[in-house]
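2 protein chains.
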Amino acid sequence: MSFGKYIRKQREALKSKDRRFSVRQVAQRIGVEPAYLSKIERGDVAPPSEAKIRALADELGEDADVLLAMAGKVSSDLQAIIRKRPQLFADLIRQLKSVPDHALLRIARDVRDGDW
Amino acid sequence: MSFGKYIRKQREALKSKDRRFSVRQVAQRIGVEPAYLSKIERGDVAPPSEAKIRALADELGEDADVLLAMAGKVSSDLQAIIRKRPQLFADLIRQLKSVPDHALLRIARDVRDGDW
DNA sequence: TAATATGTGTAGTATATAGTACACATGTCA
DNA sequence: TGACATGTGTACTATATACTACACATATTA
Numbered sequence: 001m002s003f004g005k006y007i008r009k010q011r012e013a014l015k016s017k018d019r020r021f022s023v024r025q026v027a028q029r030i031g032v033e034p035a036y037l038s039k040i041e042r043g044d045v046a047p048p049s050e051a052k053i054r055a056l057a058d059e060l061g062e063d064a065d066v067l068l069a070m071a072g073k074v075s076s077d078l079q080a081i082i083r084k085r086p087q088l089f090a091d092l093i094r095q096l097k098s099v100p101d102h103a104l105l106r107i108a109r110d111v112r113d114g115d116w
Numbered sequence: 001m002s003f004g005k006y007i008r009k010q011r012e013a014l015k016s017k018d019r020r021f022s023v024r025q026v027a028q029r030i031g032v033e034p035a036y037l038s039k040i041e042r043g044d045v046a047p048p049s050e051a052k053i054r055a056l057a058d059e060l061g062e063d064a065d066v067l068l069a070m071a072g073k074v075s076s077d078l079q080a081i082i083r084k085r086p087q088l089f090a091d092l093i094r095q096l097k098s099v100p101d102h103a104l105l106r107i108a109r110d111v112r113d114g115d116w
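One line per chain: the protein sequences are A and B, in this order.
Just so you know, we're using this note's numbering here: the first sequence kicks off at 1 and counts up by one.
Just so you know, we're using this note's numbering here: the second sequence kicks off at 1 and counts up by one.
For the record, the hints were derived by calculation from the structure and aren't laboratory data.
Just to be clear, a hint being listed does not mean it is correct.
Put simply, identical chains are the same to the list, so a pair is met inside one copy or across any two.
Straight line, CA to CA, 20 Å or less: simulated PhoX-like cross-link-like pairs of lysine-lysine [what the hints assert, rightly or not]: (1) LYS73 / LYS15; (2) LYS39 / LYS73; (3) LYS39 / LYS9; (4) LYS17 / LYS73; (5) LYS17 / LYS97; (6) LYS39 / LYS15; (7) LYS84 / LYS73; (8) LYS84 / LYS15; (9) LYS97 / LYS5; (10) LYS84 / LYS5; (11) LYS5 / LYS15.
Just so it is clear, the structure is predicted and the values come from calculations on it, not from any experiment.
Taking the hints into account, I'd like the entire structure generated from these sequences.
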């Protein structure tokens with residue numbers, strides 16, 4: 001699903017329980033014009049900046065990294081981590097491309113536990 | 001060192017052995033105007049697009065991921081890998097932020113060998 | 001039913017990105 | 001010493017990014 005459609009779906013779901021989730025009110029809370037949020041949700045314009053996507057994720061209780069991915073972006077903090085050691089991270093991430101989810105979770109767990 | 005200064009240094013080094021590495025000739029081979037490459041090397045303009053950086057890396061025998069990092073960019077193929085599984089990769093990369101080089105190399109090796 | 005809220009159409013703006021085109025002074029070498 | 005090559009200054013350009021501002025018709029609510 002597209003970024004816009006997904007946002008609309010999630011916002012409408014929240015709106016059905018709480019009328020503070022109208023386009024206008026959400027737009028105001030995340031700091032954009034209502035017409036702009038409306039256009040984003042309908043795919044009339046490209047997804048907004050990383051900062052606005054983060055505000056939206058916060059507002060809608062969504063995962064920022066997932067919304068950024070839907071918007072075709074990668075979080076700037078992740079990019080900064082990669083840029084500090086480009087060869088190591090580039091090699092590793094390309095290696096991990098075809099590694100199944102459960103194995104990635106296991107690596108993350110092992111690293112967290114210091115088992116490396 | 002900045003992207004521009006680094007490129008200039010590497011190109012000049014090659015030029016001292018082979019006069020085909022002049023600004024003009026390298027510019028022609030990577031498909032940009034000489035004045036533009038000159039400005040890039042002096043930091044007069046921002047680094048070029050990913051495609052031109054890759055051509056430059058190829059031409060100068062440099063690692064594209066390293067040059068992209070110096071230019072403040074992350075390879076689009078890596079971004080695509082992350083965007084396909086944003087939560088898993090975001091968590092993992094943030095975990096790996098403070099992991100030392102030798103441990104990253106070991107993880108890469110273990111993954112390559114199927115030890116996971 | 002009057003006031004208020006809602007979603008959206010149209011038009012426009014500022015800044016960044018990614019360059020080109022041409023001219024010109026200086027340097028090289030045949 | 002004349003032709004060609006070299007690096008660079010100046011002036012543009014096209015497209016993308018990231019929005020704002022205002023107006024208007026339609027709902028909703030008091």
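Each hint, compared with the structure:
1. LYS73 / LYS15: neither (27 Å within a copy, 38 Å between copies)
2. LYS39 / LYS73: within (19 Å within a copy, 29 Å between copies)
3. LYS39 / LYS9: within (14 Å within a copy, 48 Å between copies)
4. LYS17 / LYS73: The answer is neither: 30 Å in one copy and 42 Å across copies each exceed 20 Å.
5. LYS17 / LYS97: Result: close neither inside a copy nor across copies, 40 Å intra and 40 Å inter.
6. LYS39 / LYS15: within (18 Å within a copy, 53 Å between copies)
7. LYS84 / LYS73: both (19 Å within a copy, 11 Å between copies)
8. LYS84 / LYS15: neither (42 Å within a copy, 29 Å between copies)
9. LYS97 / LYS5: neither (27 Å within a copy, 33 Å between copies)
10. LYS84 / LYS5: Cα proximity of LYS84 and LYS5: across copies only (18 Å, versus 35 Å in one copy).
11. LYS5 / LYS15: within (15 Å within a copy, 54 Å between copies)
Against the hints set out earlier in the document, violations occur for numbers 1, 4, 5, 8, 9.
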